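Engineer: Here is how the chains run, residue by residue.
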Amino acid sequence: MYMELKQMLDIQKIRKDFPILNRKVNGKPLIYFDNAATSQTPQQVIDVIVDYYSNYNANIHRGVHALSQEATDAYELARVKIQKHFNAKSPHEIIYTSGTTHSINLVANGFSSLLTKGDEILISALEHHSNIVPWQMLCERTGATLKVIPMNQNGELVLSEFDALLNDKTKLVFVNHISNALGTINPIEYIINEAHKVDAAVLVDGAQSCPHIKPDVQSLDVDFYVCSAHKICGPTGVGMLYGKEAWLNKLPPYQGGGEMIAEVTFEKTTYADLPHKFEAGTPNICGGIAFGAAVDYMNAIGFEAIAAHENELLDYATHQLQQIERLKIYGTSKEKTSVISFNVGAIHPYDIGTILDKMGIAVRTGHHCAQPIMDFYNIPGTIRASFMFYNTKEEIDTFIAALKKAVLMLS
Amino acid sequence: MTIEAIQNDIIDEFSMFEDWEERYQYMIDLGKTLPLIDEKYKTEDHIIKGCQSKVWVHANLEDDKINFTADSDAIITKGIIAILIRVFSNQNPKAIIDANTDFIDKIGLKEHLSPTRANGLVSMIKQLKLYAIAYQTQLN
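Heads up: the sequence lines are chains A and W, in that order. Numbering-wise (my numbering), the first sequence opens with residue 1 and increments by one. Numbering-wise (my numbering), the second sequence opens with residue 1001 and increments by one.
Worth flagging that the hints you see were computed from the coordinates, not collected in a lab. This structure is a prediction, so every number in the text was calculated from the model and none was measured. Treat the hints with care, since some could be wrong.
Restricting the straight-line Cα-Cα distance to at most 20 Å, the calculated cross-link-like pairs of lysine to aspartate or glutamate (DMTMM-like) are [unchecked claim]:
| no. | chain 1 | residue 1 | chain 2 | residue 2 |
| --- | --- | --- | --- | --- |
| 1 | A | K89 | A | D221 |
| 2 | A | K404 | W | E1021 |
| 3 | A | K81 | A | D47 |
| 4 | A | K250 | A | D119 |
| 5 | A | K405 | W | E1021 |
| 6 | A | K405 | W | D1029 |
| 7 | W | K1054 | A | D375 |
| 8 | W | K1106 | W | D1009 |
| 9 | W | K1129 | W | D1102 |
| 10 | A | K24 | W | E1021 |
| 11 | A | K404 | W | D1019 |
| 12 | W | K1110 | A | D357 |
| 13 | W | K1106 | W | E1021 |
| 14 | A | K28 | W | E1018 |
| 15 | A | K405 | W | E1018 |
| 16 | A | K81 | A | E70 |
| 17 | A | K28 | W | D1019 |
| 18 | W | K1126 | W | D1098 |
| 19 | A | K16 | A | E394 |
| 20 | A | K328 | W | D1073 |
| 21 | W | K1049 | A | D375 |
| 22 | A | K250 | A | D199 |
| 23 | A | K24 | W | D1019 |
| 24 | A | K28 | W | E1022 |
| 25 | A | K28 | W | E1021 |
| 26 | A | K89 | A | E245 |
| 27 | W | K1040 | W | D1073 |
| 28 | A | K405 | W | D1019 |
| 29 | W | K1094 | W | D1063 |
| 30 | A | K405 | W | E1022 |
| 31 | A | K24 | W | E1111 |
| 32 | A | K404 | W | D1029 |
| 33 | A | K28 | W | E1111 |
| 34 | A | K404 | W | E1022 |
Work out the full structure: start from the sequences and follow the hints.
Structural biologist: Okay, structure coming up:
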């Protein structure tokens, strides 16, 4: 089975879809291993963006003219593509947002009116710190308390602690599907199931999982699931919030403006139905359409084949890295995706990242916006290499050789 | 030596390097020679914000001239600071305030001047100049 899947991906053909992979950086062919920050864009998605602005750019939902109708149709068709991809029950459970952060803030803001003093919100210790702030703000507004599910040395959540933290006061559990800093895949099925036993809602951040996994929101029974298009070969500035219809109806609108209203007088406004209630103002129309194209592109390749190839890259790179003296990998969960966070001895990650860049290799260095995780390991940061389906073993070989050279220069 | 003369010396030295590797190896070596800051100044007050690596700078005025000492937890950053200190240390505040920093471009380190660059070369220069402005006010 594994071998068959492997053969399904013709990497050289796939690489031709990505114009950027042909460019040189500092005179060397680009090796792009910063995919967890943002993925690259295939020609098929670029074409959709160019086509939109070349042929049917118009404001949507209101115009009676042809362009407006074409744009509206394409935008709503993309919503259906996204709905089908995540297997949501209906398209209006998919809310377009500007990205994961916006989606999270939308939910956090909505819960302001649902929480009271003494209520508890559980978040995981593996969060991106931009994901911690909205909940701290929510707690300040409502008097609710923020509790943290701790992690162990392998970068896994300690589920016994999670069980102990859950109680009748828990109203919301927030956890990422995959940690951006360590690549750990969290056991969200278990978390959702247990949280529902105390009637707590669960919001899952899928920013890092969506490039690797095709989540089925109905079978997960998750209440909210969020992601950004730019992590899955789409453009920046657009993302989505999936919410169960009942939950979305419970949350008040997030922003006031056009599109989100049914009727306005100076005395009273009635809000539009889902999904428009949460989509005030002119949205990122082109972005939404391109998001749909990105979902099509990823599905045409196929997520099973993607996962098989990426797992192979992960195993290969992990093995190669482990041969380097003094190299330590952070995040060693058995369940992880193609993200490797590491340091070499006491060399500062920034130094290694700088030298790798001179050799055309893009990695991430620093705390990956996950300062609490770095504090946990007592390190200033890590070097993070993250792979997508368009990366190759040959690129990993070049990266390993470059890394050895950097270590030699810096020792 | 004037700031300009020191900058010209540095430009001459860097012009001998054939490629980025030699340039960076030199900076790494320079980093190892950096006049280290006294441990007691490695505090939050002395950290330059805007750098991915930690950078501490301390300044003191002696005979109307400023002496800088610094440290960083990243070696390339230390090399960059070593160059800046060589240029700006032991100069009077007015000269530091007036100095231009075009030489950074000329020694092939322009990439570090981008405001997005995590090493914060821009922040470092700004901090050194702020010290100079503060001491200049004292002298006036």
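Engineer: Compare the structure with each hint and give your call.
Structural biologist: Structure-based check of each hint:
1. A:K89 / A:D221: holds, 11 Å
2. A:K404 / W:E1021: holds, 14 Å
3. A:K81 / A:D47: holds, 18 Å
4. A:K250 / A:D119: holds, 17 Å
5. A:K405 / W:E1021: Roughly 10 Å between the alpha carbons, so the hint for K405 (chain A) and E1021 (chain W) holds.
6. A:K405 / W:D1029: Status holds; Cα separation ~16 Å.
7. W:K1054 / A:D375: holds, 15 Å
8. W:K1106 / W:D1009: holds, 12 Å
9. W:K1129 / W:D1102: Within the cut-off at roughly 15 Å; holds.
10. A:K24 / W:E1021: holds, 18 Å
11. A:K404 / W:D1019: With a Cα-Cα distance of about 19 Å, the restraint between K404 (chain A) and D1019 (chain W) holds, given a limit of 20 Å.
12. W:K1110 / A:D357: The given pair, whose Cα atoms are some 14 Å apart, holds under the 20 Å limit.
13. W:K1106 / W:E1021: holds, 16 Å
14. A:K28 / W:E1018: Since the Cα atoms of K28 (chain A) and E1018 (chain W) sit roughly 17 Å apart, the hinted pair holds (cutoff 20 Å).
15. A:K405 / W:E1018: holds, 18 Å
16. A:K81 / A:E70: With a Cα-Cα distance of about 16 Å, the restraint between K81 (chain A) and E70 (chain A) holds, given a limit of 20 Å.
17. A:K28 / W:D1019: holds, 13 Å
18. W:K1126 / W:D1098: holds, 12 Å
19. A:K16 / A:E394: Holds - the C-alpha atoms of E394 (chain A) and K16 (chain A) are around 16 Å apart, at most 20 Å.
20. A:K328 / W:D1073: holds, 18 Å
21. W:K1049 / A:D375: Distance ~19 Å between K1049 (chain W) and D375 (chain A) Cα, so the pair holds.
22. A:K250 / A:D199: holds, 15 Å
23. A:K24 / W:D1019: Holds, because 17 Å separates the two Cα atoms, which is no more than 20 Å.
24. A:K28 / W:E1022: holds, 17 Å
25. A:K28 / W:E1021: At roughly 14 Å apart (the allowed maximum being 20 Å), E1021 (chain W) and K28 (chain A) satisfy the hint.
26. A:K89 / A:E245: Roughly 9 Å separates the two Cα atoms, so the pair holds.
27. W:K1040 / W:D1073: Since the Cα atoms of K1040 (chain W) and D1073 (chain W) sit roughly 16 Å apart, the hinted pair holds (cutoff 20 Å).
28. A:K405 / W:D1019: holds, 15 Å
29. W:K1094 / W:D1063: holds, 14 Å
30. A:K405 / W:E1022: holds, 13 Å
31. A:K24 / W:E1111: holds, 16 Å
32. A:K404 / W:D1029: With a Cα-Cα distance of about 18 Å, the restraint between K404 (chain A) and D1029 (chain W) holds, given a limit of 20 Å.
33. A:K28 / W:E1111: holds, 16 Å
34. A:K404 / W:E1022: holds, 17 Å
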